[in-house]
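Chemist: Chain residues, written in single-letter form:
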Amino acid sequence: MGMCEGKTFKFSNATITSFAAVVGKVEGEGPYGSEFDEVIEDNKGGTDTWEQAEAGLQKKSLQYAMDKAELNPEKMDLVFAGDLLNQCTGSSYGLKDYYIPFLGLYGACSTFAESLLMAASMVNAGYVENCAAVTSSHFSSAERQFRFPLNYGGVRTPTAQWTATASGAAIVDASQKAPFIRAATVGKIQDMGITDLNNMGAAMAGAAYDTITRHMKHMGTHPENYDLIITGDLGQVGSDMMYELFKRDGVSVEGKHKDCGLMIYDRDRQDVHAGGSGCGCSASMMCGYFLKKVRRGELKRILYTATGALMSPTMVQQGGSIPGIAHAVEITSE
Amino acid sequence: MNISNQEYGELAKKLSPPSAMYKTIPLAFVIGGGICTLGELLLNVYQMLGLDMEKSGMLTSMTLIFLSALFTGLKLYDRIAQHAGAGTLVPITGFANSVVSPALDFKSEGFVLGLGAKMFVIAGPVIVYGISASIIYGVIYYCMTTFGG
Amino acid sequence: MQDMILEYVWAFLVGGALCAVGQVLIDLTKLTPARILTSYVVAGVILGAVGLYEPLVNFAGGGATVPLTGFGYLLSKGVREAVDQNGLIGAFMGGFTNAAVGISAAIFFGLIAALIFKSGSKINET
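Chains as they are written, first to last, in our numbering: chain A, 52 to 385; chain B, 93 to 241; chain C, 10 to 135.
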């Protein structure tokens, strides 16, 4: 496509000082259920509506992250947050009571990587001492906004993904303790011409391939240099598509690749079709599972690439396609 | 990118699993057929109770719609529908589900602008095009009977 | 007795077949559910208008009246009767007259259900 190569930012002074994840009941029953800080038993989280429940998820996950870092809202300098809902409802309503300087982001399911790289940039540049990155998604609020009413008997196709009810929060500072954020590459919008609302994985795979390829080129690395290349929520179809694109360049990523959407549920036992999605999906898997492994040194170098389908229901109804995006964040244990 | 959008689209088609039609079609057949058989049973029961054909038909529709509303409210209709597919979509119960489910869902946005306004968000087109088609047919029928012969 | 059983068998088979056709459309054409509902009703109006649906109703009973094509057939039947009685204005009467019970029931039971129950999918609580 375009000739623009973009830049890969390198950070020397950005570490993830604490992280936490809160998930819903179905996610809690998944293979990594015991890794999360809290599993909400009631998916409405004790509130009246799904939107309030999602806001509650963000509030909780950031609270856990602040507690772990022994911080309170008055000591927080900045928060980047986002979710899937119109007007970033989950973020603005979830974080309003903290009175932390707030910047809302929208990158669909790529938002956690987006907020993490923004937080790393602000800390590394010295503008703030600490900065939080928080995202969430909720199955029910997303269904209501993007698909059908919850009790409607519409059929899900095999390629459809399942929006995770989950939230992840990470606090970035310059404390020089693992995990370190070493580099990040901002994704370009890639419109691959996919129009099927139920095939988001395919809409995003091109973007993942492009961002990972550019990141490795700028860093002078190969898939073998990483312990894992983690994508957000490509699902089965999207992962297969991405392998195919790398294969054309003679690069093999299968052995190094993990997809949070394919991990968060047990697809044989839980009827979730092509896997999980939503910006809480990779956020909770990163903050609940992968970052712990990096902190313990079990993973030394990972490339976290969250993918997002920048889907507008209006544009799709008008016959438009679904552009994808992916942002890469390189995280190391030393 | 190392691929054209056209090639990419073909690749997406190739790698996307098709619906398991050997499973979906028999399930739709059996569950849809079952709902229709229930309709037939109700029709006979109402007729046995002494109602005429037309009223029995109306009461049958009402009963099926009531059951659909109940099952939707109990969160069972969408669950059955995941397996039944068109089997729960095509019968009149599917129409009822498409009216009841947004009513339930949008109650949180209020009784007027939520529940009331959004009730026909899915079923609206059914009525718009069904009624319009019937009007067109009525006009044609009138012309045929009046001028045609 | 045998006739009675046969009646249910035909209702099952015809109703099931109409649903199976809908499933084929979903699986092969990616038509959304709302489009399928709409096309079934319109198809019912057309089949009723050309006189093909009435024999099916006589033959399969609930198998033909319960699917949404039956709703369309009912609309066409209502319009025909209204035009016979009232002339051209009947074209604007008959559809709603015959659809009245179905639509009113859906509205009223929908309202009651919404007052009693809360939304939420069981699938989300596996």
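For the record, the hints were derived by calculation from the structure and aren't laboratory data. There could be a bad hint or two in this list.
Among the chain C residues that face chain B by a calculated CB cut under 8 Å, a handful are [claimed, not checked]:
| # | residue |
| --- | --- |
| 1 | GLU16 |
| 2 | GLY60 |
| 3 | PRO64 |
| 4 | ASN67 |
| 5 | PRO76 |
| 6 | GLY81 |
| 7 | VAL88 |
| 8 | ARG89 |
| 9 | GLY103 |
| 10 | THR106 |
| 11 | GLY129 |
Subject to a maximum C-alpha distance of 30 Å in a straight line, what follows is the list of computed DSS-like cross-link-like pairs (lysine-lysine) [unchecked claim]:
| # | chain 1 | residue 1 | chain 2 | residue 2 |
| --- | --- | --- | --- | --- |
| 12 | A | LYS228 | A | LYS298 |
| 13 | B | LYS105 | B | LYS115 |
| 14 | A | LYS76 | B | LYS115 |
| 15 | A | LYS307 | A | LYS61 |
| 16 | B | LYS199 | A | LYS76 |
| 17 | B | LYS210 | A | LYS307 |
| 18 | C | LYS86 | B | LYS115 |
| 19 | C | LYS39 | B | LYS147 |
| 20 | A | LYS58 | A | LYS76 |
| 21 | A | LYS268 | A | LYS351 |
| 22 | A | LYS76 | B | LYS167 |
| 23 | A | LYS298 | A | LYS95 |
| 24 | A | LYS298 | A | LYS239 |
| 25 | B | LYS106 | C | LYS127 |
| 26 | A | LYS309 | A | LYS239 |
| 27 | A | LYS95 | C | LYS86 |
Where is the CB? At the ideal position from N, CA and C, for every residue including glycine.
Chemist: So which hints don't hold here, by number, going up?
Modeler: The structure conflicts with hints 2, 3, 4, 10, 12, 17, 18, 19, 20, 23, 25, 27, although it agrees with all the remaining ones.
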